[in-house]
Amino acid sequence: MTGVDLSVDVGGVRLKNPVLAASGTFGYGLELAPLVDPALLGGFVTKGLTLAARAGNAPRRIAEAPGGMINRIGLQNVGLEVFLQEKLPELARLDTAVIVNVSGDTAPDYAALAGRLDAVGAPIAGIELNVSCPNVARGGREFGTDPEVLFELVAAARSRTRLPLWVKLSPAVTDIVELAAAAESAGADAIVAVNTAPAAFVEPVWEGSRLSARILRGGLSGQGLKPIALRAVADLRRTVRLPIVGVGGIGSVSDVFEFLAIGASAVQIGTASFADPQLLGRLPGELAAALAERGCASLAEALGRDRVGGRER
Amino acid sequence: MSRRAPLHPPFEAEAPGMEHAVLLGQRAVGPDLAVAEIAAPRTASRAQPGQFVHLRIEELPLRRPFSVYHAAGERLEILYRVKGRGTTRMTRWVPGTDVDLVGPLGHGFAPPAPGERVVLVGGGIGVAPLAFYGARYPEHCAAIVGFGTAAEVGASDRLLQAGVATLVTTEDGSAGQAGLVTAPLAAQLAADPARIDRILACGPEPMLAAVARLAEQHGVACEVALEREMACGTGVCLGCVVPTTDPGQPYLRVCADGPVVPAGLVRW
Ligand SMILES: Cc1cc2nc3c(=O)[nH]c(=O)nc-3n(C[C@H](O)[C@H](O)[C@H](O)COP(=O)(O)OP(=O)(O)OC[C@H]3O[C@@H](n4cnc5c(N)ncnc54)[C@H](O)[C@@H]3O)c2cc1C
Ligand SMILES: Cc1cc2nc3c(=O)[nH]c(=O)nc-3n(C[C@H](O)[C@H](O)[C@H](O)COP(=O)(O)O)c2cc1C
Ligand code: FES
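These protein sequence lines are chains W and L, in that order.
Each residue of the first sequence is one higher than the last, beginning at 1 in the working numbering.
Each residue of the second sequence is one higher than the last, beginning at 314 in the working numbering.
It is worth saying that the hints were derived from the structure and are not from the lab.
Fair warning: there could be bad hints in the mix.
[What the hints assert, rightly or not] Examples of chain L residues toward chain W, derived with CB under 7 Å:
{"hint": "1", "residue": "A328"}
{"hint": "2", "residue": "L375"}
{"hint": "3", "residue": "R449"}
{"hint": "4", "residue": "Y450"}
{"hint": "5", "residue": "P451"}
{"hint": "6", "residue": "L551"}
[What the hints assert, rightly or not] Below are the EDC-like pairs computed for lysine to aspartate or glutamate, each with C-alpha atoms no more than 16 Å apart in a straight line:
{"hint": "7", "chain 1": "L", "residue 1": "K396", "chain 2": "L", "residue 2": "E542"}
{"hint": "8", "chain 1": "L", "residue 1": "K396", "chain 2": "L", "residue 2": "E540"}
{"hint": "9", "chain 1": "L", "residue 1": "K396", "chain 2": "W", "residue 2": "E64"}
{"hint": "10", "chain 1": "L", "residue 1": "K396", "chain 2": "L", "residue 2": "E429"}
{"hint": "11", "chain 1": "L", "residue 1": "K396", "chain 2": "W", "residue 2": "D5"}
{"hint": "12", "chain 1": "W", "residue 1": "K16", "chain 2": "W", "residue 2": "E31"}
Positions of the beta carbon are idealized from the N, C-alpha and C atoms, including for glycine.
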């Protein structure tokens with residue numbers, strides 16, 4: 001290694017480097033150990049956790065899309081109790097920051113999850129709220145689309161935990177800056193941008209001369225999402241003071257620098273790992289090498305000490 | 314969903330790895346059917362019949378899964394049907410092309426018990442993993458393989474070379490017995506189900522469902538190799554699931570719990 005200090009603090013989560021695995025793409029951290037050593041990562045975010053186990057959506061769940069994929073997994077997960085009993089002890093052995101991604105049907109669900117995770121504490125380094133979930137109390141509109149609803153949700157979770165609280169936003173919102181501001185005033189410690197974008201995969205079906213369609217509605221991820229994610233991070237950086245974690249379509253060290261340059265303190269990588277499982281393990285070294293070449297002793301030096309990062313010209 | 318009972322008997326599946334392999338050559342085995350011959354020493358030496366490899370294909374966002382068709386020494390073969398974006402690109406690979414593969418992945422077919430008599434039932438491209446099983450355990454196996462037409466029968470070349478007694482069916486009757494694989498299988502089971510200890514099947518899902526039904530009717534153990542769209546191939550994305558008959562585990566992951574699973578576990 002080059003001896004460049006890549007460490008960064010993201011809203012109270014200390015990361016040895018700014019490269020994290022995104023929720024839903026790294027399982028519970030151990031499945032991929034033969035292909036990527038989790039200790040190389042700054043951290044990883046677990047698959048979305050709900051209070052009770054969820055079976056997830058009926059297949060089909062995924063399709064390839066230009067520059068990425070569309071998924072509708074539907075939050076299949078083991079539920080809080082099994083997670084705490086079976087997965088967490090294994091996570092404790094990993095030498096990397098573990099962020100637990102949580103989802104719910106109601107604000108009290110999020111609060112309850114935050115409270116339980118807070119009581120557990122280590123090895124949980126932080127909580128990431130996935131607010132791109134249907135709000136059962138409001139006819140299924142996503143929590144993360146209305147600033148007031150989001151404020152209440154984040155405040156409810158905040159009241160139950162001292163763990164660093166990251167709020168992960170959808171790109172499919174009218175004004176992401178307004179939402180991030182709501183999360184900030186409710187006590188969030190960092191903003192994660194972005195989740196997948198609503199998209200569809202369509203196969204035309206002909207029955208004789210009649211045209212119909214098979215359709216998979218889901219979330220777009222991968223390269224095709226990157227420009228949207230960059231725009232979200234750039235807009236957030238102008239107005240929000242919280243650190244930002246950039247996510248969406250990152251697949252190379254130059255992509256990482258794009259997000260860092262525009263104001264992200266750290267990045268998450270999902271879909272690109274499927275094609276290149278060793279990418280996550282390689283990026284920190286590539287980042288360090290690139291910084292060393294520029295004469296930087298640390299990532300903080302490149303980002304500037306006065307702020308978390310990002311200078312627009 | 315945590316699994317209560319292990320799906321597979323103790324199985325010597327080795328950890329998957331990434332291998333920077335090299336294409337040795339390709340041979341056409343039928344219309345839109347080809348075998349890619351790959352120098353992949355790590356994967357070839359570890360692969361078990363029924364396991365698969367996940368190939369990166371140029372700029373495509375997702376890897377493509379293929380069963381191991383043959384493995385000997387450093388050489389690995391996959392049998393593929395040219396279907397869409399990925400397989401079309403593969404037809405243009407020439408000797409010396411780098412092949413980025415992850416493997417071997419998933420759980421394969423259980424090895425035969427001493428004296429066990431296994432019938433391999435393959436439809437079309439589904440013959441691939443069965444040919445590998447037949448070549449590894451020829452003395453235990455007999456096969457029934459079905460194709461659309463005579464020109465596709467070449468896709469079972471490794472099975473035939475292995476000396477496994479093979480009955481061929483074609484839908485158009487241009488080679489072997491006319492019709493589907495299920496007809497001769499049903500006849501054999503009706504004649505003497507006790508002569509078959511286990512059925513291994515791979516092919517289109519309606520065929521698998523029919524084979525599973527026959528096996529169940531005659532009380533014969535049956536394992537099927539499934540196919541699903543995959544993203545990670547390693548069990549983390551939960552994209553490749555199929556519904557099960559086990560309420561404690563509503564879905565199983567084809568890539569990690571399969572691709573080979575007991576037929577009775579699948580909700581067809
Ligand atoms: C475990 C496993 C083993 C397989 N073994 C073989 C084999 O030995 N020989 C062979 O020819 N094919 C095999 N397949 C199917 C093979 O993966 C697809 O034919 C191939 O992915 C098609 O890619 P494409 O880009 O040409 O098609 P496209 O239609 O362009 O592919 C688009 C997307 O759909 C996926 N896809 C399309 N068809 C299938 C399918 N039948 N199963 C899974 N994903 C699919 C692709 O992977 C890709 O993500 C196997 C599939 C699985 C899951
Ligand atoms: C298969 C899959 C599953 C995902 N599951 C979750 C999840 O459970 N919770 C969540 O907040 N985001 C989830 N995501 C979104 C990713 O964490 C990430 O925000 C998104 O994929 C964009 O990053 P990428 O382009 O690098 O994949 C999932 C994405 C994929 C592809
Ligand atoms: S392909 Fe990701 S879990 Fe099977």
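Hint check results:
no., hint, verdict
1, A328, "holds (4 Å)"
2, L375, "holds (5 Å)"
3, R449, "violated (24 Å)"
4, Y450, "violated (27 Å)"
5, P451, "violated (31 Å)"
6, L551, "holds (5 Å)"
7, L:K396 with L:E542, "holds (14 Å)"
8, L:K396 with L:E540, "holds (14 Å)"
9, L:K396 with W:E64, "holds (14 Å)"
10, L:K396 with L:E429, "violated (36 Å)"
11, L:K396 with W:D5, "violated (48 Å)"
12, W:K16 with W:E31, "violated (22 Å)"
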